[in-house]
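Undergrad: Below, each chain spelled out in residue letters.
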Amino acid sequence: MQLDDLYQQIILDHNKKRAGYGLHEGGFPSHQYNPTCGDEITLTVRLSDDGETITAFEWEGSGCSISQASASLMTSEATGMSVAEFERFANGFREAMRSRGTIVLPEEEFGDLAALSGVSKFVARVKCAMLAWVAAEDSLLLTRESRT
Amino acid sequence: MSQFTPEQSAAIRAEFPELSETVNGHPLVYLDTAATSLRPRGAVEVESEFALRHTAAVYRGAHTLAAEATEAYDDARATIAGFVGARPNQLIFTSNATESINLVALAVRLASAVGSPARFALRAGDEIVVTESEHHANLIPWQEVARQTGAVIRVAPVTDGGELTVDAVASVLSDRTRIVAFPSVSNVLGITNPTRAIADQARATGALVVVDACQSAAHGRLDVESFGADFVAFSAHKMYGPTGIGALWGTAEALTEMPVVLTGGSMITRVDYDSSDYLPAPAKFEPGTPRLTQAIGWAHTVSYLDAVGVDAIATHEESLGAEMYAAVADIPNVTILGTADGVHRVGLVSFAVDGVHPHDVGQYLDSRGIAARVGHHCAQPLHKRLGVDSSTRFSLGMYSTTDDVAIAVAALADVRAYFGES
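Line order of the protein sequences matches chains A and B. So the first sequence is numbered by this note's numbering: it starts at 1 and just counts up by one. So the second sequence is numbered by this note's numbering: it starts at 149 and just counts up by one.
Hints are not guaranteed to be accurate.
[To be verified] Using 20 Å as the maximum straight-line C-alpha spacing, the simulated EDC-like pairs for lysine to aspartate or glutamate come out as follows:
| hint | chain 1 | residue 1 | chain 2 | residue 2 |
| --- | --- | --- | --- | --- |
| 1 | B | Lys532 | B | Glu311 |
| 2 | A | Lys127 | A | Glu95 |
| 3 | A | Lys17 | B | Glu569 |
| 4 | A | Lys16 | B | Asp562 |
| 5 | A | Lys17 | B | Asp502 |
| 6 | A | Lys16 | B | Asp537 |
| 7 | A | Lys121 | B | Asp514 |
| 8 | A | Lys127 | A | Asp5 |
Just so you know, the hints here were simulated from the structure itself, not pulled from any lab data.
In isolation and in its complexed conformation, chain B is listed as follows:
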């Protein structure tokens, strides 16, 4: 495994203007990519240029600007779909991964209320499987489904080292399992889950499988079909794209069967006063004027990632991630969350510093120009499971360097002394 050369890193970093900024008198060390990644200048410029020159309504109007906007929007979907191994008509644009998951959960609630379609309709006593490592966004929508339908949430355990095994998920599957929701990579532990094996096993029971792929996107080749799931959710802003847009991928079968959730213009064929007919996916799930400029910005972002090379990015981040993990593990009185052996990790590590609250850790790091995430990272139950209230997280991006890691680790080693811990 090799990292980018200094020349390659310099070229990448030049595309991300924040990296030339100073924070509190220090050059910015951005280690919060897992929350929101920085954005490449070129893609932002294309997005703003588009907004200034091509803004018009898509899928309506015969004028030239409208036609150009429609073409650009369709092209954007095709580009993003191609990047994640999807067919364009199976990729639905949403606001973010949270909304993507909620879209499925709401479809389940609507279907459950009327008892059809069967695959989406839950009844009292049915079971929804989630995992201990869930982000709130892939937990709370299912809690609401359970509350409405009388279904029961069953939680697949992780090991003390944070590993989610196929057997652990199997242990909570039953003939009442209707939905299985889990992350492809934990946003707290950085551990890659055996997504395909879990999905295969879950689908064999007839359950709908929903994968939160936020932390997989752009840190490796995200191939949505390879997961073997019914639905895959991800966000643009975690893969160097704009905020305000994400996607829900579904199998053709699942999207055909899934009931409409939001309704209105752009998603219809015939409309009468008492009923209407709907277009197939993706239009079926995208009523109203869409996220036009965001889609353009996202598409140009993935083109940039392709130009750099997703496999090269993944290799760089993995190698640097291993370096970071080892360096953090070497600091006395710092405890890493999720230390399971023999697992694959993305470039992300969460940890607790003995005697110093994560908020104070984060504030200290910020004073040295280091942007880290502190808190529960939208995963309160997982932190409780691992015996802490909250943690500090370093996460890498394509622009991260071995210097970033060295600076952050050196600062982390000084935290306890600053707060008078010996």
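Only chain A is shown next, with the shape it has when bound in the complex:
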């Protein structure tokens, strides 16, 4: 396993310049914590008035470059998706992360997130990459529950 498989330049860049960073008032934030390493992320998903489209991800957190870059890349690639699209997208991402290196994220579908493909070879780091996604799914659930 090569270290550069894990830390592609896109990841290091997103760890430094974090898209979506900064929480605003309101919404339904989800706080996720990884007790093994202390990584944490609080993330709010914003939906359009009809509740169909993700208009923004807002988040704050601290942790390793993988957890922070994954949140930033998710924000870049998934803002503007419909809720249904995002759910499929998140499932695809999760499946690749858990694949132990057998599934590579296709760039045409996942864009810059494809840079995270290497994480799946480093089993201990998969949770880091998933942290923001778990928060997004949870925030989405809380948001939709509030509307029913």
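For chain A, the structure is supplied; the task is to place chain B on it using the hints.
TA: Here is chain B on its own, set in the frame of chain A:
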């Protein structure tokens, strides 16, 4: 202070097979002994040979194999007890130090529920003293005691440099103090605490004193009686022994008074349908079939440590530890946790790298064959106290060399550049 000669180090390292392995294309540099130490081949071979040739039930059965197993088990306890300066009947085998501490904490909870024996029974408003440098294993069991009994946790502070002073513990003692729990050496800071002075002062208030001695075992002469505590807990796997076994040492008085926690076979004299009589310690606290092969493996491990010489190991690690501490301190933008002056340190240093999360530091080091510990090292409150979420830790063992330190320090100096920090 002198370190092992290259010839002595080579002989020691030949006993630890992992040290001949490569990791990610580099010879392994194992700097995680404080978490779990590597195991000497000879002791593992004795343990496996025993399992293959002498497995049988101990303390029961009249057949030859059972008698041999019983004798070997008793001998193992005597050997380990001798190594730590204990009488064999005051050394109780447990799964690990965590279980040892929990055994005392559970005894306190059971006693508290019925109000006796007095020394173990806590009431609402009683106080349990721990320290800011506590490992979770010597904190959470006491939180549960407090939750059940209404006792209050009081925390003895460490200085910004990580030092635990006798006065700091004194500042939280009161006439309600019933338990004082603290580590002999911090697993994050590597600083040796003034254990005897703290224990003497705590026992003068009548409190039960519980010492977590995990980081003292095998990095110096562990002499359990010298601590002046009521209970001392330690694990085999932090002193080159097997996982799955540890010990609780107690004074004869404390073990006599301490109520039974786990019950069943092997710990009884007379059993009736409505009540039973119990054997004295250690059997009193070891119901069921014991950790036979682990005890054998551990005993042979301490015999090996004795053959190498515990004082020589301690001297080597201390000298190498000072070298490592100074080298890490010299790296720009790396901040050591626990920089108090004038304290004794074991061969262990934890640090933060500016701008790079410990997980990333650890991953980078691993890519160069270096095994370090990253995270909060089971000490979240201490990290918070020192103003960081987590850290990276290098810890030495008897097999560590000046080359290991040089390789690790060189790699550490490259970490920030790899992650684009200037």
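Undergrad: Against which earlier hints does the structure fall short, listed by number upward?
TA: none
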